[in-house]
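Please build the complete structure, drawing on both the sequences and the hints.
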Amino acid sequence: MHDSADGILRFPPESGCFGCSTLNAAGLQLTFRRRDGGIFTPYTIPDRFHGAPGVAHGGIVASILDEISCAAVFFSHGCHVVTGELNVRYQQPCPVETHIEFEARIVDETHKRYAVVEARALKDGVLLARSSGKFFYIERSTSTP
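Per my numbering: the sequence shown = residues 1 to 145.
For the record, the hints were derived by calculation from the structure and aren't laboratory data.
Errors might be hidden in some of the hints.
Stated by the list, open to error - Between beta-carbon pairs, the in silico distance windows are: (1) 137 x 54: 12 to 22 Å; (2) 126 x 36: 10 to 20 Å; (3) 93 x 138: 11 to 21 Å; (4) 122 x 52: 15 to 25 Å; (5) 54 x 130: 13 to 23 Å; (6) 29 x 51: 15 to 25 Å; (7) 18 x 99: 18 to 28 Å.
Note that the Cβ used here is the ideal one computed from N, Cα and C, for glycine as well.
Shown next, in the form of structure tokens:
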């Protein structure tokens with residue numbers, strides 16, 4: 001985990017993660033940057049992820065909100081998390097093949113087992129979707145099985 005010279009935050013590439021790994025050709029290959037105490041990613045949802053014509057499938061939008069929420073915790077604390085709960089509210093259809101800004105920030109860290117993160121998707125400043133979720137910290141073992 002580190003900030004690169006170009007400001008892009010990187011997960012370990014070997015993870016193969018659907019959301020962020022550059023090694024997963026079928027995945028989203030999201031990249032993240034810091035902004036205003038949170039994390040953001042500009043992303044254009046490819047047409048291959050449409051539901052209705054011209055509109056992103058809700059599951060893909062939820063996946064991106066989930067991924068950026070996990071990134072907010074990872075790049076803040078250096079530990080991986082798993083999603084315990086994710087509530088998504090779609091305000092407007094998310095178009096495909098259009099620049100959308102996704103952003104997330106930790107809003108509550110008072111529980112020792114998880115962080116609460118809020119995320120949102122915006123197009124030209126207009127709210128398209130938002131989420132709130134609990135992201136449980138993973139204790140990473142240093143031993144190899």
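To see whether the hints hold, each was checked on the structure:
| no. | hint | result |
| --- | --- | --- |
| 1 | 137 x 54: 12 to 22 Å | 39 Å, violated |
| 2 | 126 x 36: 10 to 20 Å | 18 Å, holds |
| 3 | 93 x 138: 11 to 21 Å | 34 Å, violated |
| 4 | 122 x 52: 15 to 25 Å | 20 Å, holds |
| 5 | 54 x 130: 13 to 23 Å | 21 Å, holds |
| 6 | 29 x 51: 15 to 25 Å | 21 Å, holds |
| 7 | 18 x 99: 18 to 28 Å | 21 Å, holds |
Checked against the numbered hints listed earlier, the structure breaks hints 1 and 3; every other hint is satisfied.
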